[in-house]
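Given chain V's structure and the hints, the job is docking chain H onto it.
Chains as they are written, first to last, in the working numbering: chain V, 1 to 118; chain H, 119 to 230.
Simulated from the structure, these hints should not be mistaken for laboratory data.
Some hints here could point you the wrong way.
Residues of chain H clear of chain V, computed beta-carbon distances all greater than 12 Å [claimed, not checked]:
hint: 1; residue: Asn-136
hint: 2; residue: Asn-142
hint: 3; residue: Ser-202
Some but not every residue of chain V turned toward chain H, in silico, with C-beta under 8 Å [stated by the list, open to error]:
hint: 4; residue: Gly-42
hint: 5; residue: Phe-45
hint: 6; residue: Gln-48
hint: 7; residue: Thr-116
Beta carbons: idealized from backbone N, C-alpha and C, even for Gly.
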Amino acid sequence: DAGVTQSPTHLIKTRGQQVTLRCSPKSGHDTVSWYQQALGQGPQFIFQYYEEEERQRGNFPDRFSGHQFPNYSSELNVNALLLGDSALYLCASSLFGGALLRLADTQYFGPGTRLTVL
Amino acid sequence: ELKVEQNPLFLSMQEGKNYTIYCNYSTTSDRLYWYRQDPGKSLESLFVLLSNGAVKQEGRLMASLDTKARLSTLHITAAVHDLSATYFCAGPPQGGSEKLVFGKGTKLTVNP
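Looking at chain V on its own, in the form it has when it is part of the complex (with noise of 0.2 Å):
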């Protein structure tokens, strides 16, 4: 069963350029949702992807957007890129709904992408 998985693992970009980074979901899970994590810092979140549809969104800009395909895979863009931008860029899955239904299910981690911006 494989778990989430998030390529590329490393990136180095310049100030300006743009970047997608892609992340396939847990087998039987159809959310995804993507969070920043600076380093020393928690992570923070971006955004969640169900049904090809945005659901919910953190405190980023709209450089940050993002897309979800029929297979629930994932991307993240980030255009405009700042030096800010350099981060650990995680995806995690899980079951949309499954917090209503107070399910155990956590959401799961993939192995992040590590964006350096120089």
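Quick look at chain H alone, frame taken from chain V:
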């Protein structure tokens, strides 16, 4: 907006000793998660606490939840070096939300 505070942020302890990490949160939350993160790695799920008074144990780690006090604890018993990692607690900002708000993490170092 939910705020999650962990303390201590840094913890250095000797092997064989016991200690507790505290997680306070600011508003009512119906779930509390604990994650472990090794340097340069992703988050590994440790516990999901779903109700007041919930207690879960795995090996040398035990987590509990007191929703009235808005407090969760992660207790470490007879620490070993392999437990060295950063531990995060996280909760949803409102009932039913699947967004998680994380604390800043507690970096635990267990010395021989």
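Of the numbered hints stated previously, which ones are contradicted by the structure, given in increasing order? 7
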